[in-house]
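Following the hints, put chain B in place on chain A, whose structure we already have.
Sequence order for the protein chains is A and B. If you count the first sequence from 1, position 198 lands on 392 in the working numbering, and the numbers rise without skipping. If you count the second sequence from 1, position 304 lands on 311 in the working numbering, and the numbers rise without skipping.
Hints were generated in silico from the structure; no laboratory data involved. Among the hints, erroneous ones may be present.
[As the list claims (entries may be wrong)] Below, in silico cross-link-like pairs of lysine-lysine (DSSO-like), each with a Cα-Cα straight-line distance of 27 Å or less:
hint: 1; chain 1: A; residue 1: Lys398; chain 2: B; residue 2: Lys251
hint: 2; chain 1: B; residue 1: Lys320; chain 2: A; residue 2: Lys396
hint: 3; chain 1: A; residue 1: Lys457; chain 2: A; residue 2: Lys414
hint: 4; chain 1: B; residue 1: Lys322; chain 2: A; residue 2: Lys396
hint: 5; chain 1: A; residue 1: Lys315; chain 2: A; residue 2: Lys289
hint: 6; chain 1: A; residue 1: Lys396; chain 2: B; residue 2: Lys251
[What the hints assert, rightly or not] A few chain A residues that face chain B, going by a derived Cβ cut-off under 8 Å, partial list only:
hint: 7; residue: Phe205
hint: 8; residue: Arg209
hint: 9; residue: Val244
hint: 10; residue: Glu261
hint: 11; residue: Ala267
hint: 12; residue: Pro273
hint: 13; residue: Phe279
hint: 14; residue: Tyr290
hint: 15; residue: Gly293
hint: 16; residue: Tyr295
All C-beta atoms in this analysis are idealised placements derived from N, C-alpha and C, irrespective of residue type, glycine included.
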Amino acid sequence: MIQVSEVVKTFDGFRALDGLSMHVPKGSVYGLVGPNGAGKSTIIRHLTGVYRQDSGQILVDGAPIFENASTKARIGYIPDDAFFFQSAGVRDMMKYYQGIYPRFDRARYERLREVFQLDEKQPIRRLSKGMQKQALFWLSLCIRPDLLILDEPVDGLDPVMRRQVWSLVMDDVSENGTTVLVSSHNLRELEDVCDYVGVMHKGKLLLEHALSELQDNICKVQLVMKEGGGMPEGLNILHENTTGRVQTLIVRGKQEAIQKTIKACDPLFFDLLPLSLEEIFVYELGGVDYEIKNILL
Amino acid sequence: MKSRTSFFNLAVFRKDLIRCIPLIVAYTAFWLLLMPIRFASGAGIASASELIDGFGNKAGSIANLFYSIAIAMVLYSYLFTARSANMIHAFPVRREGLFLTHTAAGLVCSFGPNLLIALLSILSVGSRYSGTVLLWCVLLCVQFVCAFGFASFLAQLTGQIIALPILYFILNFAVVIQELILRQLLASWVFGLPYRARSSLSWLSPVVYIWRDHPGLLRVYYPCLLAAGVLFLLFGMLLYRNRKIECAGDVIAIPVLRPIAQVLFTAGCAIVLGFLITLVVDSEMYVAKPGTVAVSLVIGAFFGYFGSAMALKRKINVFKKEWLGFGVAVLCILAVLAAARFDLFGYSRSIPDPNDIAGVYLGNTYQYSGSFADDAETIQAVHEMHEVLVQDRSLAAERYYGSTYQISYQLRSGKIVSREYRLSFDRDTKDAKKQQFNTLFEKAYTRPKLRILRICPDELLTRKNVTSIYFDVHFWDEETGNTYDSFYASPDELIDLYYDCIEPDVADGYISDDGFHNGVLEDNPDMEQCIFTVQFCVDNEYYYYNVDASCIRSYPACKALYEKNGSNQDEEVW
Numbered sequence: 195m196i197q198v199s200e201v202v203k204t205f206d207g208f209r210a211l212d213g214l215s216m217h218v219p220k221g222s223v224y225g226l227v228g229p230n231g232a233g234k235s236t237i238i239r240h241l242t243g244v245y246r247q248d249s250g251q252i253l254v255d256g257a258p259i260f261e262n263a264s265t266k267a268r269i270g271y272i273p274d275d276a277f278f279f280q281s282a283g284v285r286d287m288m289k290y291y292q293g294i295y296p297r298f299d300r301a302r303y304e305r306l307r308e309v310f311q312l313d314e315k316q317p318i319r320r321l322s323k324g325m326q327k328q329a330l331f332w333l334s335l336c337i338r339p340d341l342l343i344l345d346e347p348v349d350g351l352d353p354v355m356r357r358q359v360w361s362l363v364m365d366d367v368s369e370n371g372t373t374v375l376v377s378s379h380n381l382r383e384l385e386d387v388c389d390y391v392g393v394m395h396k397g398k399l400l401l402e403h404a405l406s407e408l409q410d411n412i413c414k415v416q417l418v419m420k421e422g423g424g425m426p427e428g429l430n431i432l433h434e435n436t437t438g439r440v441q442t443l444i445v446r447g448k449q450e451a452i453q454k455t456i457k458a459c460d461p462l463f464f465d466l467l468p469l470s471l472e473e474i475f476v477y478e479l480g481g482v483d484y485e486i487k488n489i490l491l
Numbered sequence: 008m009k010s011r012t013s014f015f016n017l018a019v020f021r022k023d024l025i026r027c028i029p030l031i032v033a034y035t036a037f038w039l040l041l042m043p044i045r046f047a048s049g050a051g052i053a054s055a056s057e058l059i060d061g062f063g064n065k066a067g068s069i070a071n072l073f074y075s076i077a078i079a080m081v082l083y084s085y086l087f088t089a090r091s092a093n094m095i096h097a098f099p100v101r102r103e104g105l106f107l108t109h110t111a112a113g114l115v116c117s118f119g120p121n122l123l124i125a126l127l128s129i130l131s132v133g134s135r136y137s138g139t140v141l142l143w144c145v146l147l148c149v150q151f152v153c154a155f156g157f158a159s160f161l162a163q164l165t166g167q168i169i170a171l172p173i174l175y176f177i178l179n180f181a182v183v184i185q186e187l188i189l190r191q192l193l194a195s196w197v198f199g200l201p202y203r204a205r206s207s208l209s210w211l212s213p214v215v216y217i218w219r220d221h222p223g224l225l226r227v228y229y230p231c232l233l234a235a236g237v238l239f240l241l242f243g244m245l246l247y248r249n250r251k252i253e254c255a256g257d258v259i260a261i262p263v264l265r266p267i268a269q270v271l272f273t274a275g276c277a278i279v280l281g282f283l284i285t286l287v288v289d290s291e292m293y294v295a296k297p298g299t300v301a302v303s304l305v306i307g308a309f310f311g312y313f314g315s316a317m318a319l320k321r322k323i324n325v326f327k328k329e330w331l332g333f334g335v336a337v338l339c340i341l342a343v344l345a346a347a348r349f350d351l352f353g354y355s356r357s358i359p360d361p362n363d364i365a366g367v368y369l370g371n372t373y374q375y376s377g378s379f380a381d382d383a384e385t386i387q388a389v390h391e392m393h394e395v396l397v398q399d400r401s402l403a404a405e406r407y408y409g410s411t412y413q414i415s416y417q418l419r420s421g422k423i424v425s426r427e428y429r430l431s432f433d434r435d436t437k438d439a440k441k442q443q444f445n446t447l448f449e450k451a452y453t454r455p456k457l458r459i460l461r462i463c464p465d466e467l468l469t470r471k472n473v474t475s476i477y478f479d480v481h482f483w484d485e486e487t488g489n490t491y492d493s494f495y496a497s498p499d500e501l502i503d504l505y506y507d508c509i510e511p512d513v514a515d516g517y518i519s520d521d522g523f524h525n526g527v528l529e530d531n532p533d534m535e536q537c538i539f540t541v542q543f544c545v546d547n548e549y550y551y552y553n554v555d556a557s558c559i560r561s562y563p564a565c566k567a568l569y570e571k572n573g574s575n576q577d578e579e580v581w
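Pulled out of the complex, with its shape left as it was, chain A reads as follows:
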């Protein structure tokens, strides 16, 4: 759905995007993570056709996105800091969206009223940040997007509304095959919803994987070896920690192969545990800057 190739964007000499390439498959939920200043919002503004890249190519569904109204009409965008016209209520904005997005679904708007329960006549700017986000979700879901781009989407939402919003988004994904690109600091939340994850740092994509592939390729091993027994050889150990006689290893590789290697050393005890997304990133990016570990933790 999204193909970004070697994109460079410079602001007054600072390379905010430094040869960024990424690929978001159609119908997937793609999580974009990275520390502050990594370039997440910048690439999102390129993907929504707001900014024009200095070089490189950005294709959305095979077409360049900049000044492409017909492709943009299929994109729902929820920015971190929403903008609404002065004194415009949700209903006013609905009329505006209706006039701008050809696929705006008025019936869905009426249906979603029950979910969001906002005062449609009250100026949106007077609502709380969370309620403004709700209004934006309400409007964006009504345009029946093929691609939903969410920049820190659930910031300010209470846990109940957070769950409801994700539920609505996931319904869209499953029923309509909507592609979702979500930028967030909250890895735990992404872990529940994402199929793919990309990590950005200093304007580049450090890694991009399917979540299942990541989880299958790394695991935590708790191990107690016999007296005088050495560590199993041939393991790609990313991290090692010993508490008493119990050794905790973070090992890269397929679970079956790791299990086989450890069994061959005849340990007193061993167990293989799954890693959370946070742990995977911390250990995968062990060699990268402190900042990124910091943000991921």
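Showing chain B alone in chain A's frame:
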């Protein structure tokens, strides 16, 4: 899939109009009070010229100056903050579509109320003035197109909502202000610079130009305003297409223009602040000490250069890295002053060749009014006097003394070359050079032809310079009492009338030096007085010369022409 270009979006248009409603209401209320309500309350319309000149040109240009920038600020306000700019440009509307929709909304904000006011005005005063009222409406719409086009163009140049009106007002008056101030500043450096002349570039400032009642306003200037407005809109759209949205918040949104803006702002501040500082230090600008002017300019440049650096870089601490640029600016100022002082381009020394001169004007603000002559002997006399003057700069006045001498040559090519000198000497001077100049001045100034035409004060008057002639006829009417009628025209018959009748009356002494007749020679029960007005243009300046033509040759000729053509008060020919 390639996007289809859309030039209009109804939702955006509707939103634009809703957001402009407070401005539309204020604008409509202003004109309602000024025109239909006032007319209906008994004031009526005094004359068609009052409607066109007073309400159309003067009030209209001021109203549109403010209204158009206010509308542009509302329509383009989203460009100036990152949040709104990002959101609006993520919507599926192309920039051409946004720009043209805003333009359509802006035009409706002006045309709609103008038409409404015109309609109500016609209803309140009757159909007699319908043509004039509609002309008023057209004038206001044209003024708006130009001002709004300019404001829209500037909205694409700037990235800050505050910078937009500031830039708009500065540029609207910059040319006139800068030129007038610059002349004053340079007068003490450039010998002979006509420092009191009106700016020849005032056409770049529509409000100033319209208020000065230039001829050809309707036929030439307004079409130009319309064309300029359309061009500004086109350039504005081109800029918008290429605008970097991430520049929201920057004073200048087009990065390549930032150094140019800094140079222009530095130059502007150097001139304006330099002028003000010189005024404070040295109250009489024309004879200000050159050193005072130079220091004032540098101080002005200091504030301009570092102020613009702070605004453009959005930080206070710019002094460390910008000293080199400021040094270059100071060197440029000193180079310009040195070039002016040492007459690098030969301006002060240049006098037209006598063979190229068709006519000459000589004026002295202290002793006499100025006069024009086109005979070879007078031209030679003035030329000779001028040569003496430019060879010796020491004739220039001491500070605070002297009077101004003006010399203007009308060349055969049609070009006007003007010089102005502040000189101080009297008739009893003992100084040999001053005596020589004095003699030459008297010789030139007392040429017979110059004397005859001296009733036309201060200015050149030739058939070529005459732009229009009209006369006001004052008469007694049984119903309305003492009233008058105007006869506007620019045809040759009126120019002929001037040369055939009025000029001979002047020469024969029937019309005195002050322009008043020396006695009505015949009975004129229905024509009490006939004021003949000649409007003419010299060196881009426009003057009126009034003469009471109710005498010997002039009055019968005027009366005959009036009776032949009748009143055309409502059909001004400009």
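Against the structure, the hints:
1. In summary, the hint linking lysine 398(A) to lysine 251(B) is supported, as the alpha carbons are separated by about 22 Å, within the 27 Å threshold.
2. Proximity of lysine 320(B) to lysine 396(A) is assessed by CA-CA distance (about 24 Å); at most 27 Å being required, the pair is judged to hold.
3. Only pairs whose Cα atoms come within 27 Å are accepted, and lysine 457(A) paired with lysine 414(A) is accepted, the gap being roughly 15 Å.
4. Pair hint lysine 322(B) plus lysine 396(A) holds up; C-alpha atoms about 25 Å apart against a cutoff of 27 Å.
5. As the CA atoms of lysine 315(A) and lysine 289(A) are separated by approximately 12 Å, the hinted pair is consistent with the 27 Å bound.
6. Our distance criterion of 27 Å between C-alpha atoms is met by lysine 396(A) and lysine 251(B), whose separation comes to about 22 Å.
7. At about 6 Å, the closest approach between the beta carbon of phenylalanine 205(A) and any beta carbon in chain B falls short of 8 Å, and the interface hint on this residue holds.
8. A cut of 8 Å between beta carbons decides the hint on arginine 209(A): the least distance to chain B is about 14 Å, and the hint is violated.
9. Interface restraint check: valine 244(A) against chain B, minimum CB-CB distance 5 Å, threshold 8 Å, status holds.
10. At about 5 Å, the closest approach between the beta carbon of glutamate 261(A) and any beta carbon in chain B falls short of 8 Å, and the interface hint on this residue holds.
11. Nearest Cβ of chain B to the Cβ of alanine 267(A): about 4 Å, under the 8 Å cut. The hint holds.
12. Look at proline 273(A): its Cβ gets to within about 6 Å of chain B, closer than 8 Å, so that hint holds up.
13. A least Cβ separation of about 7 Å between phenylalanine 279(A) and chain B falls short of the 8 Å threshold, and the interface hint therefore holds.
14. Annotation: tyrosine 290(A) was flagged as interfacial toward chain B, and the flag holds, the nearest CB pair being 5 Å apart, inside 8 Å.
15. At its closest, the beta carbon of glycine 293(A) sits 2 Å from a beta carbon of chain B; the interface hint therefore holds under the 8 Å criterion.
16. Because the smallest distance between the Cβ of tyrosine 295(A) and any Cβ of chain B comes to about 7 Å, under 8 Å, the interface hint for this residue holds.
Against the hints set out earlier in the document, a violation occurs for number 8 only.
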